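J.: Given only the sequences and the hints, what does the whole structure look like? Please build it.
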Amino acid sequence: MSSFFIGLILLFFSGIVAAKCPKNFKITALSILSAIGSGFCFVPALHSLLSGEYFVKTFVFNDLFGAVNFVIDPLSAFFIIVISVMSLASIIYSKGYLKPYIEKGKNINAHIVFLPVLVASMMAVVTCQNALMFLICWEIMSLSSFFLVIFENEKKEVLKAGIKYLVFMHISVIFIIAAFAMLSIKAGSFDFSSFKDVFAHNAHFANIVFLLLFVGFGTKAGFVPFHNWLPDAHPAAPSHVSAIMSGVMIKTGIYGILRTLALIGNPSKSISYTVLIISIVSALYGVLYAITQHDLKRLLAYHSIENIGIIGIGLGVGMLGLAYNNPIVAILGFAGGILHILNHSIFKELLFLSAGSVYTKTHTRNIELLGGLIKSMPKSAVLFLIGSVAICGLPPFNGFVSEFLVYLGMFKGLSIHNFFSVIMLLFAIAALALVGTMAVLCFTKAFSIIFLGMPRSEAAEKVKEDCGLSMILPMCFLASLTLAIGVSSVFVFAIMLNPVNIFVDVSQYNILPAISLMAMVTLYALAFVVFLGILIFIKLKLTNGKIEMHETWGCGYNKGNNHMQYTASSYASPFLSMLAPLFKKVFDIEKPRKLFPQSAHFSLHVEDIEEAYVIEPILKSDEWFLSKFEGIQSGNIQSYIKYGLIFLVIVLIGCFIALG
Amino acid sequence: MIILVNLIILLLVPFLMAGVIKKTKAFWGGRKGASIFQPLYDFVKLIKKDFVISRTTSAIFKIAPVIQIASVLFAAMFVPLAYGSTFLNVSAGLIIFAYTLSLGKFASLISAMDTGSSFEGMGASREACFTAIVEPAFFMLIASIMALTGTTTFDSLRNILANAGSYGILIIIFAAVVLFIMILIEGSRVPVDDPATHLELTMIHEVMILDNSGSDLALFSWANGIKMLLLSSLIAFMVIPAGLNEWLSIGLYLLIMFIISVLIGTIESAMARFRMSHVFEFVFVMSSFALVVLSLVVARMFGG
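Those protein sequence lines, which keep their order, are chains S and A.
Residues 1 to 660 in the working numbering are what the first sequence spells out, letter by letter.
Residues 1001 to 1304 in the working numbering are what the second sequence spells out, letter by letter.
No false leads were slipped in.
Covered by chain A, per the in silico footprint, the following chain S stretches (three or more residues, Cβ under 8 angstroms):
id	region
1	415-425
2	441-449
3	524-538
4	542-552
5	569-579
Mimicking DSS-like on lysine-lysine, the simulated pairs with C-alpha atoms at most 27 angstroms apart in a straight line are:
id	chain 1	residue 1	chain 2	residue 2
6	A	Lys1049	S	Lys541
7	S	Lys462	A	Lys1062
8	S	Lys541	A	Lys1048
9	A	Lys1062	S	Lys546
10	A	Lys1048	S	Lys539
11	A	Lys1062	S	Lys539
12	A	Lys1062	S	Lys559
13	S	Lys375	A	Lys1062
14	A	Lys1062	S	Lys464
15	S	Lys539	A	Lys1049
16	A	Lys1048	S	Lys546
Since the hints were made in silico from the structure, they are not lab data.
This structure is a prediction, so every number in the text was calculated from the model and none was measured.
The beta-carbon is built from N, C-alpha and C at its ideal position, and this holds for glycine as well.
T.: Have a look at this one:
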């Protein structure tokens, strides 16, 4: 346990040390220092995850905090491992990504300081078991990530997105504070373990607190309808920061929900259904909007919402299993959900990093302007493809393993003989299938428009070479992880049982059928990989000499050019036109006029329906209401002193009334 | 033994089904038609041919057909073929089956987009769209039947009658309709798609493989045939009773494959393909029938 704190402190200060280094050595220093720091945190976490042991360290600061417990249990350990490995990959990647900025003379010191602070604060969040300390760590996490998002703060839209993120985080933290305040008043202490009794004795109270915490943590995680900050913040941030935020940081929200569940023990049916329904909506909403996007990073951000939804479906199924007293369903659901946290962080980070590579080379995120990059950037293309296949949940990659577990949980859950649960699960199964196929649609679109066909603009055409090794290597590492988990699913499942143990006592139930099934899936995936490898090898060997090159078939027209290709919008259009009422489409059309038209253009972009119909009206009415008070802001100092005086008098009177 | 027979069925019957469909169309058209082995001869001829490949394409285009055929063959492991025998009869095999097929579909979609042709983009976009509607309905259908019978393997298809009594017949009929529509969509047959058409603008599956030639083309159409066989096998599995004699059961299975092929051929001769906007409506018919099965199951489980 003490090595964990050494690592934590190292991480906190590694940025400051690195910022003092010479210009070209800064990020190398940061990578080395944070590698050591993460390593120190990683070792006890791995030990706890594999053995199921608990490590506890208690600090006593002062009377206000009480005893502050830092605990590494398998659940925390799981999150520490995800945080340390994934952040390290991003930090190493940032060396290549930030190079052009350093060459241009941009000051990156603040960025370097906050990067490891974010990592350290996330680790503190997932281990701290004291409500007050937890909030402090949570706030450090939100603020440091805010400073990372506004890296390119000279751009107006980046600053705007950053502030939106900050506002959302602070609205969400109000709910968390409220819930913790209610809990600590009832329990008489800030310690999480004391909350357990409160939950155990007040079922109704537990529901309310859970919902408050779900709103608070769900905003961080990006559940619909609290997701609105995600699609703005991710495109604004540099790619490696988006990777950390989407891959790791939003998972701390899931951690909060899981920790709350662990304290509640046996969730009520109503909140189980609530979680399941919100998750299904999030998954569908996320993938649907992802299909509409042409901005690569916005698209990936919406996919984060989708995957958070899938994780939530896993948790929801687990909760239903607990609520209906069906432990096998609970084990499968939780195992699937928790494993999907790891899987999503791997492939989403891989995708964000390869999106970053594309951005460094082409300087655009608009996929309609890309194309044909597989020829100039073959490594990034293959890596992006692996990430795409994995995120669609297709075998033999890791996404399949966790989605399979979630599905399995739902199928087993069908045996719960209850009208609502059967209907709910049947629709959840169909919804998850829909999400999967929509993800296939979205990623075939993204991959083929970015990397295949002919370059659609000069930006894509003039790319000559792939990215450097410091960017490719972390991505290769992540890509090999996706495959490794995909073909060793039974071991991964067995390890996941340790965190699940916190929710259900696994050892009491017979999970051998599930394990043997997973073993079969493992063998199947291995056989598939080998078979496919052999086939591809044969195919490429056998057909090497027999190929004649020709133009693409165009009904006999041989001069097809890049403007005649299908675009991302047209690829998605048949599907989206069926669901037209779910979007607000904004057309920007300038029709060709006059005899000799000078200019004409057409563009279409889809606005988030929640933003257009919920958030905008609220902001408008807010603005109207607050404008009534404009008169107070007179601008001369005397009147402000007057306000201060009036305030003091009111406080004084209030005190007299309260005391007298 | 039975595995060997099934392997032969899996690899060969798709060609025969295609042959029977063509023969039926010839019959209704008043022609004599080619031998039912013609698709097999075509396959052999295509395998021997060289390739003509577009300059725009990359390695994706070359390996996609292999991925497609591998995924279809591996997905076949989970489906009960003749005599109801499944190579891997596991819990939730439906998911592995469907997701492995999706991998092949993923490969064929990006291979179509790899050519940079707008026709192929069009086909890929429609194919992706249909899959997105078909798959949830398919999952809902099978999952409802699993809820009814209480098992999570494909065996539940066979236990419908035992579990649902008089509802069973209705469920089987509706489920068979759903699966049949799915065969038409996945196999790209009339009225969804016309494999014999020569207008690129209106095609779906066929337009995706416009630029494929030689063994690539052969592998794609073979994979498509196997996919149709797998879905037809699900219908056969639902209908053929369990306790039959081995050879009788295999005979019945082949008979059902024959009937399905004749039915497809007859539909193809009797009607034209739908206008593209109507195709989407037709695809939704499948979803609504799946919903009917779901409500029947729920009515049986919880109604009086």
